[in-house]
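Visitor: Here the protein sequences come in this chain order: F and D. Heads up: take any position in the first sequence, counting from 1, add 47, and you land on the numbering used here. Heads up: take any position in the second sequence, counting from 1, add 47, and you land on the numbering used here.
The set of hints was computed from the structure by calculation and includes no laboratory data. From a predicted model like this one, the values you see are computed outputs, not experimental measurements. Wrong hints could be hidden among the right ones.
It does not matter which identical chain is used: a pair holds within one copy or between any two.
Each computed DSSO-like pair below joins lysine-lysine, with the alpha-carbon atoms no more than 27 Å apart [stated by the list, open to error]:
(1) K49 - K84
(2) K49 - K139
(3) K368 - K436
(4) K436 - K139
2 protein chains.
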Amino acid sequence: MKVGVLGCGNVGAPLVSLIEQQRDSIRARTGINLEVKAVAVRTLSRERTVEIDASLLTTDSHGLVTDPEVDLVVETIGGIEPARELILEALKASKPVVTANKELLANFGPELFAAADGSGVDLLFEAAVGGGIPIIRPLRESLAAENITRVMGIVNGTTNFILTRMSEEGLDYADALAEAQSLGYAERDPTADVEGYDAGAKAAIIATIAFGGRVVAGDVYHEGISGITEVDIEFADRLGFAIKLLAIAERFDDGSVAVRVHPAMVPHTHPLASVRDSFNAVFIEGEAVGELMFYGRGAGGYPTASAVLGDVVDAAANLVKGTHASIGSFGRCDLRSLDDLTSAFYVNLNVEDSPGVLAAVAGAFGRHGVSIHSMEQVSLADSAAGTAKLIFITHQAREADLRVTLGEIRQLETVSSVGSVLRVIGAEGQQR
Amino acid sequence: MKVGVLGCGNVGAPLVSLIEQQRDSIRARTGINLEVKAVAVRTLSRERTVEIDASLLTTDSHGLVTDPEVDLVVETIGGIEPARELILEALKASKPVVTANKELLANFGPELFAAADGSGVDLLFEAAVGGGIPIIRPLRESLAAENITRVMGIVNGTTNFILTRMSEEGLDYADALAEAQSLGYAERDPTADVEGYDAGAKAAIIATIAFGGRVVAGDVYHEGISGITEVDIEFADRLGFAIKLLAIAERFDDGSVAVRVHPAMVPHTHPLASVRDSFNAVFIEGEAVGELMFYGRGAGGYPTASAVLGDVVDAAANLVKGTHASIGSFGRCDLRSLDDLTSAFYVNLNVEDSPGVLAAVAGAFGRHGVSIHSMEQVSLADSAAGTAKLIFITHQAREADLRVTLGEIRQLETVSSVGSVLRVIGAEGQQR
Chain F
48 MKVGVLGCGN VGAPLVSLIE QQRDSIRART GINLEVKAVA VRTLSRERTV
98 EIDASLLTTD SHGLVTDPEV DLVVETIGGI EPARELILEA LKASKPVVTA
148 NKELLANFGP ELFAAADGSG VDLLFEAAVG GGIPIIRPLR ESLAAENITR
198 VMGIVNGTTN FILTRMSEEG LDYADALAEA QSLGYAERDP TADVEGYDAG
248 AKAAIIATIA FGGRVVAGDV YHEGISGITE VDIEFADRLG FAIKLLAIAE
298 RFDDGSVAVR VHPAMVPHTH PLASVRDSFN AVFIEGEAVG ELMFYGRGAG
348 GYPTASAVLG DVVDAAANLV KGTHASIGSF GRCDLRSLDD LTSAFYVNLN
398 VEDSPGVLAA VAGAFGRHGV SIHSMEQVSL ADSAAGTAKL IFITHQAREA
448 DLRVTLGEIR QLETVSSVGS VLRVIGAEGQ QR
Chain D
48 MKVGVLGCGN VGAPLVSLIE QQRDSIRART GINLEVKAVA VRTLSRERTV
98 EIDASLLTTD SHGLVTDPEV DLVVETIGGI EPARELILEA LKASKPVVTA
148 NKELLANFGP ELFAAADGSG VDLLFEAAVG GGIPIIRPLR ESLAAENITR
198 VMGIVNGTTN FILTRMSEEG LDYADALAEA QSLGYAERDP TADVEGYDAG
248 AKAAIIATIA FGGRVVAGDV YHEGISGITE VDIEFADRLG FAIKLLAIAE
298 RFDDGSVAVR VHPAMVPHTH PLASVRDSFN AVFIEGEAVG ELMFYGRGAG
348 GYPTASAVLG DVVDAAANLV KGTHASIGSF GRCDLRSLDD LTSAFYVNLN
398 VEDSPGVLAA VAGAFGRHGV SIHSMEQVSL ADSAAGTAKL IFITHQAREA
448 DLRVTLGEIR QLETVSSVGS VLRVIGAEGQ QR
């Protein structure tokens with residue numbers, strides 16, 4: 048079974064090395080003898096973290112894909128093009144493809160799935176969400192008979208690392224981000240991670256697979272973590288919550304689906320609250336199965352390469368048997384607007400320390416039917432004289448109502464600014 | 048696709064109902080139309096939790112298995128016989144079998160796997176370990192290319208419920224057990240759960256699948272939780288640990304394997320420590336993938352039936368394609384004796400409150416090369432005058448050395464008794 052690998056970077060290089068290491072044990076378990084036929088790279092001379100036999104390297108990606116000796120193609124280049132074109136070329140030639148390319152799948156997944164089904168070969172992508180954690184296969188296979196109602200994931204390790212450092216070491220956002228950058232967890236331009244774009248792409252893939260309807264990255268509402276302050280984290284902790292950036296895909300009773308990424312307050316007793324550092328986890332709620340969680344390394348060369356290699360073994364076994372795992376076809380999802388979702392909210396306001404302010408703010412909440420669960424005035428050591436902080440937790444309220452309420456609160460003379468607004472993941476998930 | 052179900056109890060009855068509920072969505076996703084052809088029961092007249100069409104019921108199990116109209120057999124009877132005989136009969140007739148029978152698999156698994164491979168059909172058993180949690184499939188498929196070094200599981204919900212109640216509510220063991228019994232989590236005779244037999248059977252199955260070598264229930268060392276006291280739980284908590292009943296399967300560099308079940312001290316920061324109530328979780332360490340954890344409902348009719356139905360859909364799809372998931376053949380494992388394992392230990396001694404006692408005890412540790420990491424004398428409000436409690440945490444030590452040490456300590460005149468001895472799961476798992 049000859050494998051062609053596109054790309055030899057963070058995932059491609061460890062994959063080549065892992066195939067070498069695991070060849071004997073894979074053959075013993077499955078009878079399949081994997082061999083890397085060629086590795087397509089941009090430049091032959093570049094230094095690599097893992098030593099690769101120079102005779103395997105080629106700069107001709109199209110030649111690799113169409114080489115009749117290559118039975119199976121692994122794409123580790125990332126990005127939309129040329130990855131998309133190369134994958135379609137391989138599928139057209141009836142070669143199974145394994146990829147970890149979340150950006151591509153979140154934008155062109157169903158097109159690629161259809162091409163794979165049309166050629167009767169596998170397109171597998173376990174590593175695209177949650178790195179080394181098996182998520183896609185359990186969703187597609189183990190839970191094939193399950194009515195999944197909600198999936199909530201910590202699917203971006205960079206932001207989880209930053210939030211963990213803020214929570215456990217009391218760092219502010221900027222210092223935690225700087226630490227993540229110095230450790231190589233965050234890019235120099237961290238936007239894709241900290242503003243929720245990366246998590247949004249993964250959420251689109253999760254929703255597509257969990258609910259069987261087409262959801263693309265552009266359908267996903269996203270908010271990032273750059274506005275989270277130490278006060279929010281401390282206050283959440285005192286109330287019994289951790290702040291996590293969650294990717295949430297939900298299906299409602301009417302069949303509509305909502306997919307979003309935003310920071311949320313998660314009760315300390317919830318399994319997602321204990322996911323620390325750069326670890327990822329995906330929490331699944333199903334009607335019969337109840338609650339499930341899958342936890343592990345969501346990124347990193349070897350964990351990701353391990354998931355890719357699991358897919359390679361599977362696709363190779365299917366190719367030998369002349370079968371493939373059909374992903375099914377995907378109609379468009381009926382997407383529910385964020386405005387129509389409900390949630391409890393944490394609202395942090397910077398106000399004048401004057402007697403009328405609470406009445407004015409409470410009036411705005413009341414006029415839009417947002418009822419208050421609790422309110423606390425917080426005194427900060429470093430507050431300017433005459434200012435205070437009001438922290439509200441609301442009962443379940445519609446997003447649209449809260450938005451209008453906040454608009455009105457911003458207009459109040461006694462309110463200097465609206466700080467963080469966070470959704471609260473209640474105990475409802477715990478008690479199903 | 049006509050399904051014959053053996054047994055209509057805690058799992059069988061919800062399964063029949065779930066097949067009914069999910070038929071349309073399964074057909075839409077996979078093209079497979081599942082129909083329950085017959086349900087074999089002991090007595091036709093018994094009352095059932097789920098209403099079952101009376102015309103499906105039969106008392107003729109062998110007739111159900113050999114009925115040419117039955118394409119696929121689900122075994123939910125439990126126990127060794129007649130489950131074993133019926134499964135072999137179905138496999139011989141080239142019918143795929145799905146079972147959740149841990150006792151049978153932990154004793155005759157490889158014999159049954161061989162029969163399935165011989166007939167070229169599936170024998171699937173996702174629900175045998177961890178109820179609704181996908182564990183077997185990820186181990187067999189997603190991690191097919193992974194060198195797994197250790198699996199640690201909380202695989203018995205009853206004992207985890209008892210330990211959670213002891214820890215969170217300060218109950219003693221007897222009261223927590225009584226509560227578990229009143230809620231239906233524990234049997235009237237709780238031995239199989241609290242003494243680790245149930246977890247031992249699951250550990251044998253996990254080890255067999257994770258390491259590809261035959262391990263049976265009788266190979267598994269087990270200790271239960273009935274000796275755990277409130278003092279142990281309080282003291283563990285103060286030191287930063289939770290006490291959990293763990294099933295541990297390890298493979299060492301020389302290829303030998305050790306499989307055991309015992310209570311252990313798990314650091315609060317470890318993902319297993321936050322698994323509460325009757326939830327289960329399986330924590331996997333692999334060379335490339337790092338750490339993974341799978342969490343969910345380890346028991347209960349609907350969660351278990353959901354996992355069984357996932358297997359049914361998979362086996363049905365394979366039957367249609369004329370393929371099957373080979374489990375592989377299993378040689379005997381080279382089992383490492385418990386004596387040769389090393390661990391840090393928590394040792395709780397009831398002693399005379401006299402000046403020489405520590406020297407005597409420390410001497411016994413020292414003579415057998417067990418070095419002490421920390422020692423604390425604990426004063427209990429209800430201690431008899433002139434008595435004290437010494438709590439030791441050792442460095443890594445061989446089990447055999449600790450055993451000899453404890454034997455010697457028991458002989459000391461100043462020691463009235465040896466209380467709990469618990470293995471400490473160190474931070475080593477966290478840092479890989």
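Visitor: Now tell me, hint by hint, if it's right for this structure.
Guide: Quick rundown of the hints versus the structure:
1. K49 - K84: Intra 5 Å, inter 44 Å, cutoff 27 Å: intra-copy only.
2. K49 - K139: Close inside one copy (17 Å), not across copies (36 Å); limit 27 Å.
3. K368 - K436: neither (65 Å within a copy, 64 Å between copies)
4. K436 - K139: Classified as neither: same-chain Cα gap 61 Å, cross-chain 73 Å, threshold 27 Å.
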